[in-house]
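> Take a look at the letters that make up each chain.
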Amino acid sequence: MLDDIIEDTVVNLLRLAVTELPRDVVQTIRAAFEQESNEVARDQLNAIIKNFQMAESTSTPLCQDTGTIIFYIEVGDKFPLFKILPKVFSTATKRATKIVPLRPNAVHPFTGRNSGDNTGRYIPYLNWEIVSGDTLQITAFPKGGGSENMCAVKMLNPGLGIKGIKRFVVDAVIEAGGKPCPPVFLGIGIGGGADISLKLAKKALLRPLDIPHKEADVAKLEKELLTLTNMTGIGPMGLGGDTTVLGVFVEYAHRHPASLPVGIAFQCWAARKASARILSDGHVDFLTHNVKGG
Amino acid sequence: MATYYLETPISEEAVRRLKVRDTVYLSGEMFTARDSAHRRALEYVAEGKKIAIDMKGKALFHCGPLVKANGTYRIISAGPTTSTRMEMFEDEFIEKFGVRVVIGKGGMGLRTTEACKRFGAVYCAFTGGAGAQAGEAITRVKSVEWLDLGMPEALWILEIKEFGPLTVAIDSYGTNLYVDVAKQVEKNKEQIYNSI
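These protein sequence lines map, in sequence, to chains E and C. Here the first sequence is numbered in this note's numbering, starting from 1 and rising by one per residue. Here the second sequence is numbered in this note's numbering, starting from 1001 and rising by one per residue.
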């Protein structure tokens, strides 16, 4: 049955996401280790590499904080079972919490009670996009709390322009220091509005690392922000070094004439995500990970 | 940058040998405590209530582990959490309980640095996110207290073997590596601003 296939795929995506870093993230961290000149920083990067190797070989969550469970879903307008989909994500999250396992991370803000199964009001959080076609594409995006705590949004005076944006990003990275588990990835959302800029910032983190923004000006800004933020010397875990930021992804929306919103989403080095595409006949393709028999 | 293998309970003399940037591997007993456990432990002291474990000479780990309960408890993944949240409690915690090593990530502030100096303790950084590796070095869950706080917030008492590598980031002489790095970053900031 298609609903079982979807549920099993979501469980699988959560397991893959928390136990196995995507290839592009692994390569980027290894390259950073090769280039790092600071001895303490090299030790930190070495521990990171050893850790994700161990996690992958033993299918163990690489970080104990398996995050708030977030999904990005692109559903085709002709994909069947549209109505039951929201429930599937909740059921799959509960199952994954038990069998992977995931740390229960859904806490009631008023009572402090932990639901115990990673579900609750609005959680798992589902980001929907309706596209044309009959496929369903799902990205599991478990988001760690330490890096999330450093996210920032600022409504800049439009007169400050791109220079103001660069300064805000550098300031945010310095302010965050070692707290978001650097080396980090930065998603930057510009324009739209306060909420839209942060939405874009987080979604930008889904882009594969080797693909710069398709507009040359934006790609140039990404590169420049990467250089500037690495000049800080914060280093892995804030202990000093050359490697503070591993990648910068910028997205933008048109802005109101009076506003220049900038949202910054911090993602720790454990940039966990896993995607799959499900066809309406039940065929599943895993997009970010090699899955045997997948 | 020397490397030390230490066993709990750790003496003041042993801890005073450690300097910022040294590497430490720890064996013996370690317990976890996050915000809620810190608050409760200090409330117990204030109210004169007894705490089930003796923390003297032991290591305190800022960590909310991922634990599998299947009759017995097994630690699956156990990396550090952000230590600054505990800054408001830590100096009193070190004083009252005689903890020698505090392990976490992201660094701590002036109050903890002072307490390390006064009472003979160090703060060590464990690589954030390296939870699987940490889990490997935890050989046994000895016991757990205050499970009513939830799995991440409970007090987990753990047996460890060569837990590390830990980087000494605050030593017992008032040196704080994070403060040194922050000073350098502040200098670099001017240069960054000029190149924007």
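For the record, the hints were derived by calculation from the structure and aren't laboratory data. Among the hints, erroneous ones may be present.
Unchecked claim - Simulated DEER-style distance windows between Cβ atoms: (1) Pro-257/E <-> Gln-1191/C: 55 to 63 Å; (2) Arg-1017/C <-> Asp-285/E: 51 to 59 Å; (3) Pro-86/E <-> Glu-1087/C: 39 to 47 Å; (4) Pro-158/E <-> Asn-1188/C: 43 to 51 Å; (5) Ile-99/E <-> Leu-1147/C: 15 to 23 Å.
Each residue gets a CB set at the ideal place from its N, CA and C atoms; glycine is no exception.
> Could you say whether the range 55 to 63 Å given as a hint is met by the Cβ separation of Pro-257/E and Gln-1191/C?
For Gln-1191/C against Pro-257/E, whose Cβ atoms are near 34 Å apart, the range 55 to 63 Å is violated.
> At the C-beta level, are Ile-99/E and Leu-1147/C separated by a distance inside 15 to 23 Å?
The hint (15 to 23 Å, Cβ to Cβ) holds, given that Ile-99/E and Leu-1147/C are roughly 21 Å apart.
> Kindly confirm whether 39 to 47 Å is satisfied by the beta carbon distance between Pro-86/E and Glu-1087/C.
holds, 41 Å
> Return holds or violated for the Cβ distance of Arg-1017/C and Asp-285/E against the range 51 to 59 Å.
Holds: the Cβ-Cβ distance is about 56 Å, inside 51 to 59 Å.
> Given the hint of 43 to 51 Å, is the C-beta distance from Pro-158/E to Asn-1188/C inside that range or not?
violated, 28 Å
Against the hints set out earlier in the document, violations occur for numbers 1 and 4.
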